[in-house]
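Working from the sequences, and respecting the hints, build out all of it.
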Amino acid sequence: MSGSPGVAAVLGHANYFVTIFLLMSGLFIVIARGNLIKKLVGLGIFQTAVYLLYIAPGKLLGGTAPIISDKFDVYSNPLPHVLILTAIVVGVATLALGLALVVRIRGAYGTIEEDEILQQESGTAAEDDR
Amino acid sequence: MSVAPHLPALQVVLPLLAAPLTVLLRRPGPAFVVAVAASWCALAIALTLALQVQGDGALSYAIGNWPPPLGIEYRVDALSSLMLVLVAGTASVVLPFARGSIEREIPAAQHYLFYTMFLLCLTGLLGISITGDAFNIFVFLEISSLSTYVLIALGRDRRALLAAYQYLIMGTIGATFIVIAIGLLYLTTGTLNLADLGRRIGSDGGTRPVLAALAFLTVGVSLKAALFPLHQWLPNAYAYAPSAVSAFVAATATKVAVYVLLRFYFSVFGDAQVFARLPMAPMLLLLALAGMFAASTIAIFQTDLKRLFAYSSVGQVGYIVLGLSFDSVSGLTAAIAHLVNHGVTKGAAFMLLGIVAASIGGTSLARVRGLGRLMPWTSAGIVLAGLSLIGIPGTAGFVTKWYLVLAALEAGQWWLVFLIVASSLLSLMYVWRFVEAAYFREPRRDIVPAQVPLSMRVPTALLLALVVIFGLDTTFTVDPAVRAAEMLLGGSR
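First to last, the protein sequences are chains A and B.
Each residue of the first sequence is one higher than the one before, starting from 1 at the first, in my numbering.
Each residue of the second sequence is one higher than the one before, starting from 1 at the first, in my numbering.
Just so you know, the hints here were simulated from the structure itself, not pulled from any lab data.
Ideal placement from N, C-alpha and C gives every residue a C-beta, glycine not left out.
Please note that a few of the clues may not be correct.
To be verified - Residues of chain A clear of chain B, computed beta-carbon distances all greater than 12 Å:
1. 4
2. 5
3. 6
4. 7
5. 10
6. 11
7. 12
8. 21
9. 62
10. 63
11. 65
12. 67
13. 70
14. 72
15. 74
Said to hold, decoys possible - In silico contact screen, one side only, chain B against chain A (beta carbon under 7 Å); selected entries:
16. 146
17. 161
18. 164
What the hints assert, rightly or not - With the Cβ distance kept under 10 Å, some of the chain A side facing chain B (calculated, not the full set):
19. 23
20. 26
21. 43
22. 77
23. 79
24. 80
25. 87
26. 93
27. 100
28. 101
29. 102
30. 104
31. 107
32. 108
33. 109
34. 121
Encoded structure:
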């Protein structure tokens, strides 16, 4: 490969850099945002980044679907893809449940901002001692 | 065709199939019968498997007859059979209790869905305990977690919704960390079978991605196990969930997470890898001690009994992880036996609080004043569970504290013995908060205790009896724990 070995190393691991960047952005949004929906968006990005971590190494350049044929001798690994199919289903279920909870929270508190909800809570905390 | 060879699969499939059946039935009565039948069958299967494992050693079941490591393997050994019995046993006791309990806490239209979610949660927890496949652990973990979020959100208080949401965020982050760890392991070894992973990592010598996987896994599972300081989701979740849910989840969910930690540390990474190459032992020790002291101290200042016992759970997870950090047979014995002993104790404690809530409408310390006179048996039960949390001789909690102290002395760390005793004194203080309110205060005039059905009192008494029995006779707790500990340490040496 031409060019300096450092550049080659970075480009060769491009998928990992993208994965880590997305992971960190997602986690940051979950922690930094007070809006319950935005938190779920962050969580979605965080989970999706992991899909990339699995899928990218399963693909080989020039590789084809793993159906044995005389014309091909390089195959992609299908197992990570199948695993991530499961993880996607889990992610969708989590998101759906999270959104359903946000709908119920809005019904109960009238807001989806975390700080406003906590403010209401500090008011009700005193009633606990009844 | 005989059913016996397929018991490991049926262990998980039975509650999994019963769950949609309860949805189809729609009426609470039949759904209840199905749920109880499924959980009792699960317990019978778990006990049969435990006896088989005790007799002939570990069982391996190839799902769909695809031989491991290519196919998914269900593996029952000394440790997983103990977890299966704990999970199925707790479900079998809590479900009959749940009927009377949810009648007072959940709208009637949602009762059948409660049983569905309960069975799914049971499926997930059983699945984590029995599977020998890393990715399968994640899938079952999410089945149990998603159903737990729903169960918590069923609580009467609107704060239950918030608690469920917070648990969903934290739990998903934890589960995603676990997937990252499994992904890194798969990328380096090319296998997902736990035993196969252990073999391949062992010869590999532990590359950097493997160590990164270890770190991700530790953080992810610690979140699920509510190891201090990753416990923030737990107090609210336990406090605002319906009583039956608190009892089941407190007795099993964090315990199964610790089981995953044990499984990965000792069967996959190997204790040499975990404890020699990374400073895991001092780190776990420190977090365990911090949890034991900080959470128990916070528990003392709670004004609601459910929250008080929830914080106590965080402290008790500390004891379990403390035993794990010794990396010795006696330390692991203490940890594994405490999984069972604390599970039984906390299950009984939350069921008793469920009875209190059903009878006088709340569990705040201000409400339970004079409870010793109003409900003498229930109060005595709570005190008994409290004694087990402190570790008084004659209760289940004492047995594990005893083994923890032995493990600390064996490791030559006598100062830890003082810390274990000191943290028990903190437990004494939070239990005293209840004793003071229940026995040294006048009952409130405006509270008339309602009658609580027998279906709630009998299962609770059963679990309380186990707290005493496990304190006096260690055949069913410590003996299997010793076998499991020797298996875990023997596999890697």
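- Message: Hint by hint, where does the structure go against what was stated? Just the numbers, ascending.
- Response: Of the numbered hints, all hold.
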